[in-house]
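All chains should be built: construct the whole structure from the sequences, respecting the hints.
There are 2 protein chains.
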Amino acid sequence: MQDLQPLLCPRSIAIIGASTQPDKVGGVPIRLLRELGYEGRVFPVNPSTDTVQGLRAYPTIESIGEPVDLAIVAVPAPAAPDVMMQLGRAGTRAAVVFTSGFAEVSGGEALQHALAEQARAHGVQLLGPNCLGAMNLRERMYATFSPMPFTGVPPVGEVGLVSQSGAFGAYAFALAREAGLGLSHWVTTGNEAGLQVADVIEWLAHDPQTRVILAYIEGARDGMRLRQALAAARAAGKPVVVAKVGTTAAGASAAQSHTASLAGEDAVYQAVFDEYGVHRAHTLEAFFRLGYTLARGRRPAQWQSPTGMPADAVAPVAIVTVSGGVGIMMADSAESLGLPLPPMPQAAAQALRAAIPFASTANPIDVTGQVVSQPQVFVDALANVARCGEYGSVAAFLAGGVNAPRLWSVLQETVETLAGESAAAPLMISGVMDDEKRAWLEARGCLVFKEPAHTMEAVAALAKAAAMEARASEANDTRETILQGPRLPDDATALSEAEAMAWLAEAGVPVAPHGVAHDADAAVRIAESIGFPVAVKICSRHVLHKSDIGGVILNLQNADDVRAAFSRVRDAMARARDASGSPVPFEGALVARMVSGWGEIMVGVRRDPVFGLVALAGIGGTAVEIFRQMAFGLAPLSRQRARSMLLQSRAAALCMGHRGHPAIDLDAVADVLVNVSRVAAAIGERLDTLEINPFIVGTDGLVAADAVITLR
Amino acid sequence: MQDLQPLLCPRSIAIIGASTQPDKVGGVPIRLLRELGYEGRVFPVNPSTDTVQGLRAYPTIESIGEPVDLAIVAVPAPAAPDVMMQLGRAGTRAAVVFTSGFAEVSGGEALQHALAEQARAHGVQLLGPNCLGAMNLRERMYATFSPMPFTGVPPVGEVGLVSQSGAFGAYAFALAREAGLGLSHWVTTGNEAGLQVADVIEWLAHDPQTRVILAYIEGARDGMRLRQALAAARAAGKPVVVAKVGTTAAGASAAQSHTASLAGEDAVYQAVFDEYGVHRAHTLEAFFRLGYTLARGRRPAQWQSPTGMPADAVAPVAIVTVSGGVGIMMADSAESLGLPLPPMPQAAAQALRAAIPFASTANPIDVTGQVVSQPQVFVDALANVARCGEYGSVAAFLAGGVNAPRLWSVLQETVETLAGESAAAPLMISGVMDDEKRAWLEARGCLVFKEPAHTMEAVAALAKAAAMEARASEANDTRETILQGPRLPDDATALSEAEAMAWLAEAGVPVAPHGVAHDADAAVRIAESIGFPVAVKICSRHVLHKSDIGGVILNLQNADDVRAAFSRVRDAMARARDASGSPVPFEGALVARMVSGWGEIMVGVRRDPVFGLVALAGIGGTAVEIFRQMAFGLAPLSRQRARSMLLQSRAAALCMGHRGHPAIDLDAVADVLVNVSRVAAAIGERLDTLEINPFIVGTDGLVAADAVITLR
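In the order they appear, the protein sequences are chains A and B. Sequence positions in the first sequence follow the working numbering and run -7 to 704. Sequence positions in the second sequence follow the working numbering and run -7 to 704.
These are computed hints drawn from the structure, not numbers from a lab. Just to be clear, a hint being listed does not mean it is correct.
The list cannot tell twin chains apart, which means a pair is met if one copy fits it or any two copies do.
[What the hints assert, rightly or not] DSBU-like cross-link-like pairs, simulated, lysine-lysine; straight-line CA separation at most 30 Å:
{"hint": "1", "residue 1": "Lys442", "residue 2": "Lys16"}
{"hint": "2", "residue 1": "Lys456", "residue 2": "Lys16"}
{"hint": "3", "residue 1": "Lys429", "residue 2": "Lys16"}
{"hint": "4", "residue 1": "Lys456", "residue 2": "Lys429"}
Structure (structure tokens):
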């Protein structure tokens, strides 16, 4: 992990290219540091003047006479590499380079490379170039040339914000200030010649002042570094909210198989985010709202989970509303987020109905407009559901109710009391109210929103965070994958189907019974021993698309048919050519049992250029192209992830009593996916793609009917 | 159409159950009408006092001595029917009944029925009961017991708001006030014993003071009335925004076919909304934002549509941003909304690059952070794209830019100039700014949002509104459907497959060549004349699930097989029993050509209890249950609607060069759907369900391989 202490908590700062004018790029940070109360020492470096903005100026970094923690660099681009060398020689530990004109302009790559080289050679940690700098709000450390802090700063808080884009970072700063969202640090990484967003995330994951991390990324050059950073945040139990923009597919190389062509860049990012429990925001509004929710929101209370519910079941939520209509809207939203809505417990329901006979005690719990004349009934209902132990959270819609003095006063009493009860479910409130009332409620652990649907999204986000935090302490369950399949050929870019099947079988993946025959008699013997009907197929490391050249003959019912098929497959092979146009030696034909079932699943693993091995699964056959509803996960998969991939891609529907067929155990199917992903992981660096298409879904669970493994 | 003039523009108002206390239900409206400046006459009716809140009180409605336009009724529920009779006798034209305790409480249905009966018998238009009343903001007519208007009212404007729920209506009122959204009328319909939301929508569609209609509905009892109201709004070119809550499936009767079971209530509502170009909001926030957008937003400018684009192509949008990152976010949003993003025209691009060499002139057009030092370049780019004729709208992201005085001043100049040019594309702006700057921009036709993604949603909503407004003047293209298929049996609840096929063929729907055979020789003759392979199937009005009883034999290749199949089908029929358990007469077997293709589409029409005939289409086979991605439309379908159903359900993918198969004409396929829906419309009131599953997709387009028509 990179230590960002010198960058984000520097005891001294030099400004190279310091300007006497406080509104210039080299002048703004000096004014910010002085006016906003930075307590470390500030050294302007400028050879043509004695003082800068009232501070003594130094002609060079060396002339300061002691090493500084952080240098802010605001010199013309061509001079920057040289400055970096001087910084290194003077013992400077970190540098923020504001200057633009590097890799973001055509022809600027070389200069950026030189800059990064100097920084590395001299041991200077580099942020930028072409970045807007960094801030540490608690230490009032403003190493930025954005003038925004002059007009106000957000409160000091527990949200760390890192953005690849300076303009996004600046806007985020303004919005955080407007929303009163407390920040710990603010970092923009610009061209990322040195530090990347991932480095900042990882440092914030260990920073005791940061509890929630907001990150804006356009793309990760080093996917493994990002994974490591997200893993660190997960291990620290700190939620990460990511705005990842850009959905254009990566310029992937020509696809040899579905596996390679179906994984769009965005789906892979999503798989990474899913793996590490990252909260993803698709709008700026949601980005900040998630930050607010996760930083301020209490996690769901323990609830009396009915027996038989899975351990990872989501805590139920109670909706308490003064409007039936808005209650239904909130219920729609809860349903789409997968939040259970069990009805009000009997005693609380009776109390409510005794006071308001036409109140609805189902969930949404509708106290109706009677709240105006019977506010105590409303707050009693609220307290009852918060305390009853049946709910993890309570979401209340109050419309303009808190503006009625009687309701506000009894609500205050109830909120105050509940705030002191650690077992009570936390309250999410929506309605219109002034800032003062909002702040009062927030100070007592309530979250407040204007939009009722946002209370539901908050409940879901907090449940997800709580689940992640609970798992943080558990040991990582990824087993090391040691499998011994057939030796990998040095001279071929694929395994034969028989070799691929052997690797799968080694990992415990059910494959169709099969054998390799070198003559027709052997083919018949194999068919008779495994049972008809069978398929006869080319078995070669050099032919990937067997059926395209007539190398696959299905549904053979007897020995004569097998004999005929064997000879047709051998003929097809004689006509086949490898990638270089040479004839391909006949290595035998695969004779495999035709597996029957009621559906097809496709499972694969591809190598993503950024993130490594990525598994995918979904319904096979025509649906692959039509619905494109594949689900992705990082390989090797955990059983839980494999399960969610089956559910997410709808492949699970084939296993759950589809069209009257018997249900098959979803965990067992998930384990097959896990084992497929273990094969890919065991092949490791050599693996290019692995694809099983189809896996036949039948009474025996999944059976692989075909398998392709390509190497690199 | 119901004339709501007496209700919403009354010249005189009586309050039955008028209270001397201005905070009681019968007192609030009197105080509102007096304090907020209603200019008509107000007559409190209260037999136990001479004056009410300073007005002369009347003991009865008759004692007023003249008929009033509107009566507000705030008497106990049991007295309400009698009051309604008295109102009628006194010539009162409309009544708002605030009182609750009717159908919303158990046992209250009878009282509500009595109330409605009295209103109808005496010709009084009834709003309510159990409603929060109505307002006409222009005439300062507040027939409500909500005290909200005392603390402020929204500006008078062109948005009419109608809500089934009073609490939702009240909250909406508060939010409109907070957002400064101008309202024309505000109506809550409560229990809808008389007027329904649909009646109010229809009246607002004709009201010259209303330009946009916002409606909140929980459910329509009279679907045809709602359709008529939405059609009126469409004909008037007035956008309707609907918040329709509740996605629970209608309690449909046991399903005889897929068609009946797959159409969830919500999908049918969505089909209705799609048919009439309704804008649907799923959150309160979106409800108001759409109201603001449609009421205030200028429609997209004419643009130079490249030749070959369809007439209904969406106008392209230019994204101009000061942050590359936010620009990408906006582009993601544009892509998901189907908004084209053509690059900047050459001349404008050159001008921008000359001033800022590293600006991006693709679309998003990224002026970069240079906007701070070169604000004129930014506004020039804005003006150039607005004027160039290549874009329908311009969406600009300014971050906190307008707070920089130099940028604000050049932006003002540019906006002012563009506002005077009717051909310039309208501007949607996102960024942080104070209310004054926002109002200044809005006054010049710009829409202003905080969230960049919302500018894109505004562009899409305005494009949809413009398309609807353009079509409003066109004649309705729904042809009357006169078809003459086989006579409908009086004594059966289904047609035989041969009869169903005949109806389809009559409408021009391609069906598999077939004939009905009464003996084995005839079956062979038919097979030989239509060509092998064939299927032999039970042909009966009494057997819906033919294959369940062994009544379907497929893939017969020769005369012997046909002969054997015929006898098996006849045997199956001999064992069959109808719904009452009686043996079923053998009416012959259908001999049909096996149609081959590369995919299956399912098309059906069902009768929705609320909205009438609804067509559905989607990929057939396993996908029906797995992906449930059916699309719905009102029958009879227009070609355009049929096309969007094919696209929306992904069935179109089978027609567009699927897996190397030849592409087939999507319009021709859409016409087949149209013709299927015409069959349903022609059968009319007798039709229960119609289902073609599968339609085989092949080189000849669609061919119906099976058809079921059930009657009622």
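Here is how each hint holds up against the structure:
| no. | hint | verdict |
| --- | --- | --- |
| 1 | Lys442 - Lys16 | between (40 Å within a copy, 29 Å between copies) |
| 2 | Lys456 - Lys16 | neither (45 Å within a copy, 46 Å between copies) |
| 3 | Lys429 - Lys16 | between (41 Å within a copy, 27 Å between copies) |
| 4 | Lys456 - Lys429 | within (28 Å within a copy, 40 Å between copies) |
Hint violations for this structure: number 2 only, all remaining hints satisfied.
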